[in-house]
Structure formats: C-alpha cells, structure tokens
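Residue numbers (the working numbering), protein chains in the order written: chain X, 1 to 182; chain V, 1 to 101.
Don't read these hints as lab results, they were simulated from the structure. Predicted model only: the values in this text are computed from it and were never measured. Every residue gets a Cβ at the ideal spot worked out from N, C-alpha and C, and that includes glycine. Worth double-checking, as some hints may not be accurate.
Just so you have them, the derived chain X footprint on chain V, three or more residues with Cβ under 8 Å [said to hold, decoys possible]:
id	stretch
1	10-19
2	26-39
3	56-69
4	72-80
5	83-97
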Amino acid sequence: MSLEVVLFYAFAALAIGSALLVVSLKNLARALFLFFIVLFAIAGLYLFALADFVAITQILIYVGGVLILMIFAFMLSNKELLADLQNTSKQFLSLPNWQAALLAIGFVLVMGYGIYEWQGFTPDWITTNLRNGAIISPSDNTINEIGYKFITQYVLAFEVISIFLLMVLIGAAHLSRKESQQ
Amino acid sequence: MITLTHFLVVSACIFCIGLYAVLAKRNAIMVLVGIELMINAAILNFVAFGKYDEANYGGQIFALFAIVLAAAAVAVGLAIILNVYRKNNTINLDDIMDLRD
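Could you build all of it, start to finish, from the sequences and the hints given here?
As structure tokens, this is what we get:
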C-alpha cells in the first residue's frame, strides 16, 4: 500500500468515525465541535480527488462560516439544549432511534449493493476521457482553470448565485430581526 | 491507487449517517447538522466524478455552487430556528406544533 492509500483510509476513517460520534453523542456542544473534524476530514478527502480549491473553500465556508453560525444558534438557545432531548414519540419525522438506525443501515446496504453492481459499468464519458488522457492530473493548475471557467462557461450560474446570496442575506437578516412593537 | 469506488463507499456511509441524524434527532440544530452531512456526501461524489472531466471542470464547479447553497440554507435555517425558539421557547421538534400564532 502506498502512502496515498494509507492517507486516504486515515481521512475516510476519521470522517466516518467522527460522523458516527456526532450522531451518537448526547452533548450538543461536543457534537458540534466533532462536526468540525468531519468537515476537515472531508476537505482532506477532496484533495485526493485533486480538488484543492474545493477543499480550501470547504474549510473557509464551512468551518469559518457555517459552524460559527451553528455555535451562535447553540448559545442563543442554550437553556433548552442542556436538557436531554431523547424522549420518544409517535410522529413520523422523529422515529425512535432503532427504527432510524434500521432505515439508515438499510439505505447504506442498498447503496453499497448499487456501487457493487455498478463497478463493471463505468460510464462512457469516463472511459473516453481516460483513453484521451483528458482527466485532471496532479500537475494541473486547477485554481487557474476554475477561475477562467467561472467567468466564461459558467458566468450565468455565477451571476445568478450572487443574486441568490444577496436574497439570502436580506432574508436571514429580516427573519432574525427583533419584532417591532405594534 | 484510489479508485472512484473508494469515494462512493465513503460518501454512502456519510450520507446514511446524516440520514440517521435527520430521522432520529429531536433537536433542530442536530437535524440541520444531519442535512449538512448529507450535502457533504453529495459534494464528495461530485468532486470524485469531476476528476475525470478536464474539459468542463463540471464536478468541481458544481461542488463550489453546492457549498455556497448549503451555506445559504444554513443561514436561513438557523434564523428560522432562532425565531421558533423565541416564539416557543424550545427547539425540540416534537413540541413545535403550530405554523402560525
């Protein structure tokens, strides 16, 4: 086994193990900080698919932005979160733990079977690109390429998402403002 | 050599852990964390397939868009959770019954 494979397995084990801990811990603060580790490990996995810019963006946006927001929300609604929320109920979207675990394990089995069956049928575009050598290689300057793609081929999506982000900014600020007295 | 299958298996596992969190947790923030785990598993798939597409960089660019959309979803979702907490004094999803006052 080469060093690359060992590192991949280490990151994968870190991601899956911490994700399992996130859903099994009762303490919400610990779960949120473990969620950091899951995101870092997944950013490490992106590097093995030669997506360095995506990995850096993951760290910047998720660890820098999303998790800070989550910890804010955790602190602002602190009183309830310290109580244990593990009581069972009869509603659909809050199944008892064992039923949810059964569903999740069944789903992972279905997906694993799908992946197993799929292995012989690599899509045509992948085999074509492999034959022509048109796959991303470790020496490519991907950040440069992504920059050009953003302002040429994907410029419409780029502009739409900037408008969308403005809408989200206004919407989130509007939702979380204090109600004025009527 | 790391093949596509490695990535697919890892992302299937993470997706199902996220699914478990969404189904089993009663805390709104943990449900949001579960949704984020599922989105991250999907992004991992995009990036893994995108390695084989040098002409368009489709996988990586879509992954970047998906990250931005997930961040936007978290911002609005947490604002809604804070509002719900202010109104109901709880974020236990079992106790929240009303959509309007």
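Cross-check of the supplied hints:
1. 10-19: holds (count 9)
2. 26-39: holds (count 9)
3. 56-69: Three-residue rule met by the stretch 56-69 of chain V, so holds; n is 11.
4. 72-80: holds (count 7)
5. 83-97: n = 8 at 8 Å, threshold three: holds.
No hint from the list above goes unmet by this structure.
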